[in-house]
Structures are given as C-alpha cells and as structure tokens.
Amino acid sequence: MDILRFITAGSVDDGKSTLIGRLLYDTKSILADQLEAVEKASKTRGDGEIDLALLTDGLRSEREQGITIDVAYKYFQTPNRKFISIDAPGHIQYTRNMVTGASNADLAIILIDARQGVVEQTRRHSLIASMLGIPHIVVAVNKMDLVGYSEDTFLQIAQEYQKLADKLAIKDLKIIPVSALAGDNIVDKSDAMPWYTGETMLHFLENVDVQHDLNLNDARFSVQYVIRPQTEELHDYRGYAGRVQSGVFRKGDTITVFPSEQTSTIAKIEVYGQEVEEVSAPQSATILLETDVDISRGDLISGTGNAPVLSQDVEAMICWMDDRKELKVGNKYTLQHGTTRVRCSVKGIEYRVDISNYDQLEDIESLKLNDVAKIVLRTAKPIAYDAYQTNRANGAAILIDETSNVTVGACMVEA
Amino acid sequence: MSNIQSLSSDAQRQDYLDQLESEAIYIMREVAGQFERPALLFSGGKDSITLVRLAQKAFAPGKIPFPLVHIDTGHNFPEAIQYRDWMANEVGAKLIVRQVEDTIKAKGLKEPTGKNASRNWLQTFTLLDTIEEFEFDACIGGARRDEEKARAKERIFSFRDEFGQWDPKRQRPELWNLFNGKISKGENVRCFPISNWTELDVWAYIEREKIPLPSIYFSHQREMILRDGNLLANADFIYKDDSDVIVTKTVRFRTVGDMTCTAAVESEASTIEQVVAEIKATRISERGETRIDDQQTEAAMEDRKKGGYF
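These protein sequence lines are chains A and B, in that order. Position one of the first sequence corresponds to residue 1397 (the working numbering), numbered consecutively onward. Position one of the second sequence corresponds to residue 674 (the working numbering), numbered consecutively onward.
Same shape as in the complex, but just chain B (with noise of 0.2 angstroms):
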C-alpha cells in the first residue's frame, strides 16, 4: 500500500492483512444479520481481542451488537481478567461472566484433582449452560485452523447440536462466502471469523493495529513452576509435589488459558515488535509450547470439540 492517495483501482489493491481483516468483517456481520441472539466468547486472549477489534469496525460507527461472554474456570490469570473489564468497559459493550466454579456446586461435578488436573475442560458444561440461559444462537469464538488440526477441518459457521456437539463426519458443506446459519431451536452455532488467520497473522495485526495487550503477553519476572520441562505459573490451587521446583523467570505467556494448563516461554521481549520478532523465529508451534492440555493424546482437541467445546 504504497499510495493511499491514489484513487486507481491497482493501487486499491489490498494487502493480505486487508484481505483477512475484510473476510472476518464480512463474517462478523453474516453473524449479527443471521441470527437473533449472538454472543462473541471473549477470554481477554489475543485472538478474541483480535475478535473485538473486528466486532468494533464491523459496525462502526454503532457499538457492538451482541455482549461478549467468559466462561471463567476461576484459574484465569489475573491480568487477563482485569483486561477483560477494561476491555469491555473500553468498547461500551454488555460483559456477561459465567463461572465454573458454579456450575461445579450446582451439578455436583466431579473436579479432576491431582497433578495437570485443570477444569478446562470443565468449561463445557458452564458454556453450554450459558448458551441455554442466555439463549444464544450463535457464538463467535477466535479459534484459528492452524492451530491444531481438527481445527484445520472445522467449518466457519460450525453446526452443533441441542447438545452442543460437533460432528466432523456430518459438517454442512461450505460454499463461497454462502455461510447457512439456518437451525432449529435448541441447536446453535458457533461462528469463527478468524478460521484463516495463523498465529503470525493475529501478532502482525495487533502490531499494525495498536491494540493493547495484558501485559503478561510481554517479558515480565515471575515465580514460575518448573514441570517436565514446561514453566507454570505459580498459584495456590496448582497442586505441586516433591518433584516440581519454583523458580523466579523471565517469561512472558505465547497463549492465555488457564493457569494450569498455560505454559510460559522465557524470553527478554517487552515489546510488541519484539514479540513478532520471536514468533517468526520460532521452530516451536503455538500449541506444542504452550498447551499441556493438547500434549496429551494425537485426538485431544477433536474429542473435546465432538463434547461441546469451543
């Protein structure tokens, strides 16, 4: 984009950040002209920042027109929780919080306990009650296809069922830009504008952007867990034993999930530019360094998803 001022149709010619920005836009108002209720999952994560941003210019110069959700497994980073607030705050749009916690106590749930016990998972049942309560018909999450590879198979406008459930085998075929968000009450939607962004892209638009970030996305010092070679952050409800060491690091997180399954890199890199700059370097992908929870089985992620899952 080297001549904004020219007016030609060549020198219009978008680039591929543009190209991207302008599919998810198109996306995000397919949502909000399809459906009665929508709702836009918001964890205080990059990618759903990213998401916010893109609800923001979508409908500009109006305000959003659907709350944002978090389903909080109460193990959240506390940076990222207080980002959410502002966040919300920020873009004037309804913030509705969700908590695992209870729908632990109200179903009698049973919680895994013992090392890498985390309530991710857990998230499923809070989400698909909250669905329910709130009776949403579409949610707009930030997952990304090259991040895993069920993922990679996944649909921009996913079916699930009354139970929430994604079946890969029976996926609606997706044609162009014909997104067919037609369902029966009960079921929903879930609804992924940035399907075909990777993480690169996500980091190269925050940059360009300027989107505030929690800060535990750049280097801080921190009392960190040290695991099988993985680095936790250290909290009260991470159960620990003989074997796990705390030490004091240099870090900063990749991802932002739960504490107990979010693993951190070391790294000096304290400012956006500098971020970038080590994401393109990396031999490492997105998932493999920082979920433990998808290092445990080769079908993790599509066996969450065919439960319900994001």
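The following block holds chain A by itself, in its conformation from the complex (with noise of 0.2 angstroms):
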C-alpha cells in the first residue's frame, strides 16, 4: 500500500467538499457518530437533505458562511491505498490556500459545474496545477444530474478543457462526467450515463502511478542536523541528517557540497541508526563522509546525476500570497529553499500572468495578493537550485516577510 495525495479546486459551489464527502460515504470512511453529527447539524439548517458538505467544513465561520476558507486534510483508504485529500477553498480571495495545498499534491481534480462550463476559476486553478508541477489532472465535470447527463453537454466541456489545457505544460489528463451529490462515476459506474465508458473517479485515484513521478536521477540531500553524539564510543561520529529530496545515494559514492563545493565519499548511510547500502527519495536518513568536511544545517550534498546551478541569480514563477503588502522592486525578503535561508532582493519583474487567457503582461510595477509572475531575485549568497519543472524539491522556495515572518510567497525556480 501507498499514499496518494490529491487536492480538490474548482469554482464557489461546484460541489468539491461534497465530491470529498462522497469518497468518504462511499468507501465507507465516514464513522457513524460523525455521520451522525453531520445529519443532525443538516437538520438545523433546514434543508433536510444530508449535506456532506459538512464532513470538510470544520471552521466555525465556514459553517456559518457555507464556504471553505481554508485547506482541510481527510484521510480514506481501500485495500490498494491510504488517500490525504487535501480540499481547497474556491474563493478568488484563498487562492493562495490552494497553492499551499497544491505544492505536496500527487495530483489534482479540477471540478467544474457542467452548467456553467470552463470558468475563470477553472483557468487559475489549471494555471496553479501545471505550474506547481501537479502531474495528474482530472477534470470532474459535476452536476452532471442537472443537465440530464447530456453527453452533448460534456462533450463541448471537455472541448473547451482540452483547448486550455494545451497551452498548459499538464502531463497526463483525464475528464469524467460526474454528479458528486448522487454519486455518478464517483466509486460506481453510472447508469445514466451509460454513454461514458471510461473509469470511475476512485478507479483512476486507486491506479494512477506515482512513483515515476520522483525525480530519481538528480541526487540531492538538504543537511537538516548535524548528529554528534560526542559519546565515548561515538566519540567520532559526525552525521548528516536531512531528507534525501531526489535521486539516489549509495555508499561510496562520490559527493559534492554546496555552497562550498567540496568533495568527499559516503563512508556510510543510516537510516535511523541501522545501516543501509542506498537511500532514495524521499526517505530521510543519516549520511556519514570519508573525510572531514565542513558541513551545518542549510547546506546542500548533491551525487550522481546533474549538477545544481550555484548561483547569486534566481529567476523563478511566483504566486504572491500577502493580503496586506505588495511586492515591489527593490524590496527585500528572506528566501527559504531546502533547509537554508538568505536574504534576497527583488531585482525585476519580467511579466505578471493573465489568467484568464495566461498572456504575459509586461510593465509591470507590483504584485498583489493572488497575483502569478515571473520575477528575478537576487541573493545575499549563492544558493545551489534546480529547474522547478524537473526537480520539484530542490526546485522550490518560499519568501519570507522579515518583519512580520510570515510566507509572503511561493517561487518555482528556473533554471
């Protein structure tokens, strides 16, 4: 068994917690006191029919205002695989919740209303989802039920979602036609659509492979900790603890560090204390050197594979995510990429996105929240990255206001 994680995104009201509630009732997945709950707090509003809706919305004010404000993590699972469905807000105002469920997704379902067709949100969130990196998108045309289940209707639909689609980088695409509130193609095959001989959303969810979608070419491990039990009979022991975040290391190979550049062997891998011969992504473990090197928290060993890009210049994709200040030229941010942090300034903004028709807008003076550019940062010291598109771990970065601290933005790094 494995994990899949996917994120659900769509427009206000296209039915994404009640798709997630759907997967949860009909797996079985939903608990009876918390169906329970849900039936009863259905009761109080009024409208008799259970809204599983419910099951996700968990904030006082999203109940209260019937909206999602923010992600909301459920957890299912079938004999194949443990699901992390990550539900995120179709608000224009929380999309930079949606990024943030965006950026840890396997793959996302982008819902829209089969009366409504392609719609503004439609096109940011495919936006989001390819420029993140997602590497599977299915689109769930909902609501089906409202249309009659006219083929004629999803047909045009999935028409129009394959024209956007091209101008997107999105590697593998898959449309169903679904109602979530009564269930069509979600864990069972619908008879009123008999029409659509493809898979069911679940079918797709439990079989889509994932594994291949880990860079394991480029290898590349952020030093988190530095072990050093300073013990008598670990008097020497010097251990580099991090994750390794792609590719594969084994004992023996030869290694470089970066910021610094040095060069050593593997003497030795653990992974929590026992010994290993390889270690691939994304398993944490422990890496020991042949010769004594330099070497804290921040600092980047790379094996085989490419070499990263050392460099003082970054050019990256960035979704702002402030509501209170805008990014403008020449401000100054801390960047967080791996596990180092440095200073940085912005030095340019090359073109702001539309995303309604995803053209380059040029001229471009400030960035406001929600807002997706390209901009070019430059570094208080070198920092050793890959292209965002082949390496999504070693490829992301996040900037950091530095008086208030808070994530004011999510770069995707080019190279």
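Heads up, some of the hints might be wrong.
Claimed, not checked - Across the chosen pairs, the derived CB separations fall in these ranges:
(1) T1700(A) with R710(B): 34 to 40 angstroms
(2) K1664(A) with G902(B): 53 to 59 angstroms
(3) F836(B) with D1690(A): 37 to 43 angstroms
(4) R710(B) with K1664(A): 29 to 35 angstroms
(5) G765(B) with D1584(A): 53 to 59 angstroms
(6) R710(B) with R1634(A): 20 to 26 angstroms
I should point out that these hints are in silico values taken from the structure, not numbers from a laboratory. All C-beta atoms in this analysis are idealised placements derived from N, C-alpha and C, irrespective of residue type, glycine included.
Reconstruct the complex from the two isolated chains, following the hints.
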C-alpha cells in the first residue's frame, strides 16, 4: 500500500466538499457518529438532505457562511492505497490556500459545474496546478444530473478544457463526467451515463502511478541537522541528518557539498541508526563521509547526475500571497530554499500572467495578493538549485517577510 | 517490502508507514534545526509515545536533543504516569512535569465543579506558563488531523502569538516541505509531525515497531462509573450523584486523557493485534467514543485551540 495526495479545486459551489464527502461516504470511511453529527447539523440548517460538505468544513465561520476558507485534510483508504485529500477553497481571495494545498499534491481534481462550463477559476486553478508541477490532472465535470446527463454538454466542456490544457504543460489529463451529489461515476459506474465508458473517479485515483513522478536521476540531500553524540563509544561520529530530495545515494558515491563545493565520498548511510547500502527520494536518512568536511544545516549534498546551478541570481515564477503588502522591485525578503535561509532582493518583475488567457503582461510595478508572475531575485549568498519543472523538491522556495515573519510568496525556480 | 535484500530502487519503494515515518522524522529534524529551545509534549498516551519513538529514530545514534514535557492535571491515569516516568528514563531524555494544581493555587483559578467537571481546559494555563518559564520556542505535539475537524485545518507548523492563541483565519501558507518557523520573541510554534497519520496508522506503527504501551490500552477489569451511556474510570476526585451507577467491567481505553473526561470501551482485546483488529472494525470515531469534552458543542476544539490549547 502506498500514499496518494490529491487536491480538489474548482469554483465556489462546484461541489468540491460534496465530492470528498461522497468519496468518504462511498468508501465507508465515515464513521457512524460522524455521520450522525452531520445529519444533525444538516437538520438544524433546515434543508432535510444530508449535506456531505459539512464533513470537511471544519471551522465555525465556514459552517456559518457555508464556504470553505482554509485547506482541510481528510484521510481514507482502500485496500490498495491510503489517500490524503486536500480540500482547497474556491473563493478567489483564498487562492493562496489552493497553492498551499497544491504544493504537496501528486494529483489535482478540478471540478467544473456542467451548467457553467469552464470559468475564470477553472483557468486559475489549472494554471496553478500546472505551474506547481502536479503530474496528474483529473477534470470532474460535475452536476451532470442537472444537465440531464447530456453527452453533448460533456463533450463541449471537455473540448473547451482541452484547448486550455494545450496552453499549459499538463502531463497527464483525464476528464470524467460525474455527479458528486448523486454519486455517479465517483465510486460506482453511472447507469445514467451509459455513453461514458471510461474509468470512475476512485478507480483512477487507485491506479494512477505516482512512483515514476519522483526525480530519481539527480541526487540531492539537504542537511537538516548534524548528529554528534560525543559519547565515549561514538566520539568521532558525525552524521548529516536530512531527507533525500531527489535521486539515489549509495555508499561509496562521490559527493559535492554546496555552496562550498568541497568533495568527499560517502562512508556510510544510516536510516534511523541502521546501516543501509543506498537511499532514495523521499527517504529521511543520515549520511557519514570519509573525510572531514565543514558541513552544517542549510548545506546541500549533491551526488550522481547533473550538478545543481550555484548562483546568486534566481529567476522564478511566483504566486504572491500577502494580503497586506505588495511585492515591489527593490523589496528585500528572506528566501527559504531546502534547509537554507538567505536574504534576497527583488531585482525585477519580468511579467505578470493574465490568468484569463495566460498572456504575459509587461511593465508591471508591483504584485498584489494572488498575482502570478515571473520575477528576478538576487540572493546575498549563492544557493544551489534545480529547475522546479524537473526537480520539484530542489526548485521550490518561499519568501518570508522580514518584519512579520509571514510566508508571502511561493517560488518555482527556473534554471 | 517483499525483498529487502535487493538494492534496486524499485525494491526500495516505500510502504505507507515508511512514508509517514520518513515525513515525521523530517519534521522532527526541522524542529531541532530551526528552533533554539524545543520541547516534546509527552502525556504517556499512544500518540505522544509514537512521537518519542520517532524522535529517537530521528537523532539516532544520538539522544533526543530536547526535553519531554508533561502538563499534569493531577487527574491522569496512574498507569500512564508510571509509564511516562519509565519511558523518559528508558530513552534518557529529560522530563519536565508541571502541575495544573500549582497553577490553580498560584493564580487563584476557579476550578470547574459539579458533574462532568474537568481540568482539561485549565491545562492551557499551565502549558502557557511552562512555555514562558523555559522559554520554549517550539512544542512538538501528537495531534492528528483525522481526530477532529478544527485539527483537520491546522498547519504542521502552527504559529501561536504571544498569548499562545491560534488564529485559524490567519494561518501561514505552508508550502512543499518548507516549514516556516520564524518567530519573534515571546511567540511560539506548535509542531505536529504526525498530522497526516490516522488513528489506525498510529496503531499499525506501534504494532510494527513493537512499542510497549501503558496497560490501560489493553483489556482489564476496572471499577467504572456508568454515566449517560459512557464508562468512566472511578476515582475519588470525580463528582458523582445518585444517577451514576458503579459497575465492574472488562474494559480498555482507546485514548488516554484526563480520567474525568476519557471514556472506556468494553473489550476483551489483550494484545496489540487484537486491539488493532477491534479498531479496524469499529464504526465510531476515536473522539466520539472516548472524549466527553468534545461531545459538548460542534466547535469545542476550535474554541479551545484559539485559547492556546495544545
């Protein structure tokens, strides 16, 4: 059994929470008392029907307003897979929360209301999903029950979406007609849509291959912590604890440490105190080297494969997340990349992306909440990075406001 | 993991428990790397027991580089307290215990009285005082997102202001595995390495790792108070009235909290395998079955968290 993390995105009232509720309900992942609580809450709201969205809307203000504000995580499993579902808000002002959820997802489900077709939020969420490098996208054309389960409507929307997808770098796309409310094509095949011969949602989620999405070519390991027990029997022990971001490390490999560019050889690899011959992404491990090298938290150990870029100049796509302050050229921030933090300043904004048609708008002075743009940064010290589109783990970075300490930007580095 | 000997990357494909473990250990190391004075909140319950094992693994062969902290309401199960002391000694970690009783006296707090009175909420005061006393900048906790709907929304690194408060509407975006633990003096972060684990994952892990547990997790005979369909362990400090019935039952506890608000389940399960089998078959959630404090309102946990609770 492995784990699949997926995000559900779409416009307000497209039925995201209902879809998750349906998956939980039909895979029997809702327990009796939880269902009873939802039944009770649905009754006090007075519409009689069980509102499956109440299973994921956890905050008081969400239940009061009937909308999802923040990302909710839900867990269920089938015999083959453990699923972590990430329910992202649909409202435009909460787009940054979608970015948050998407950053860790293997797959995105984008919901489209069959009555509305492709809307602005569909474009925005698809752009974010593709920019964040989510390898698999499933478009759920929802509320098919409200368009009489019409094949024509579905085909029209599918065609329209395909046009949009062609502009984005979507690797694996699947389009499924569903009704989350009625349960059509979610877990069970729909009798109401005999014209659809493809997979159901759950079948696809259970079988999509995510193992091959990992970059196993370029070996990268960010040092989180240096283990030095300094006891009598472990007097000289010096282990570099971290997680393999990408690639594979083997005992005997020649490695280079960044940013110092010193080289050494792997003497030993340990996984929680046990010696192993090799480790691969995304495993946590401890690496011991043959020679004395000056390494501390924030350093990157690079092994076989291509070397990372070592530079103070960074070009990146950014999603701006601060609702209080704008990003302006000349502003300074803390950049967190891997386990390192370094000061940086914004050298320029190359363009902002118009999310309705993906056009690149130039002569941009500043970025507001939820803007997507390409920016140029200069860091105080060189950092060792890879292009995000080929190496998600070592191409991701965040910007932190230096006075409030809040995370204000999500960066996807280009190389 | 059928062929551990093979060294090809395919054979190293991680099973879901390996993935969860690896992620939790990554988080533990981030806490140790990013903060000056972290602490691990340890109650002797299964979730914090799992945290201790993960911390041991994260820093092996070194020792756990932070203290274990217990906020003791004085209403804990004696078995859990005994286990707590044994475990701290076993892993060679420093154990800090602070008593809610002392906070009540020092601050003249009004203790809830009467039926279903619990010191559970008062723990917040002692916790915040302890954080101040030792200047802890990070507290590692065993909360899981599957437990409760407010927790389902909480970040892994959950920022708390100088009053220890959680503001669900102003959570920091948490992107990739880049945890932002930057804070100003007086603020702190609660860190939850097993956020993505379910109750069953915790049990499966304890079974796989053969971690010893306090005896109350297994079937035993005990004098119980039968109240509103819940079974509470009998103790002197629990207020009882005429409608309460004292019965002797064969029970086990699914969670270990305060005796005043933790209900038992009737069970014959006396081994970890039997407990796991029972939990797989149950149709009632952990908190729904065992936490009387959460049965009170729809937003009970959210309100406690906003006030600085774990």
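We went through each hint and held it up to the structure:
1. T1700(A) with R710(B): 34 to 40 angstroms: About 39 angstroms separates the Cβ atoms of T1700(A) and R710(B), which means 34 to 40 angstroms holds.
2. K1664(A) with G902(B): 53 to 59 angstroms: Given about 57 angstroms between the Cβ atoms, the range holds.
3. F836(B) with D1690(A): 37 to 43 angstroms: holds, 41 angstroms
4. R710(B) with K1664(A): 29 to 35 angstroms: holds, 31 angstroms
5. G765(B) with D1584(A): 53 to 59 angstroms: holds, 54 angstroms
6. R710(B) with R1634(A): 20 to 26 angstroms: holds, 24 angstroms
Of the numbered hints stated above, none is contradicted by the structure.
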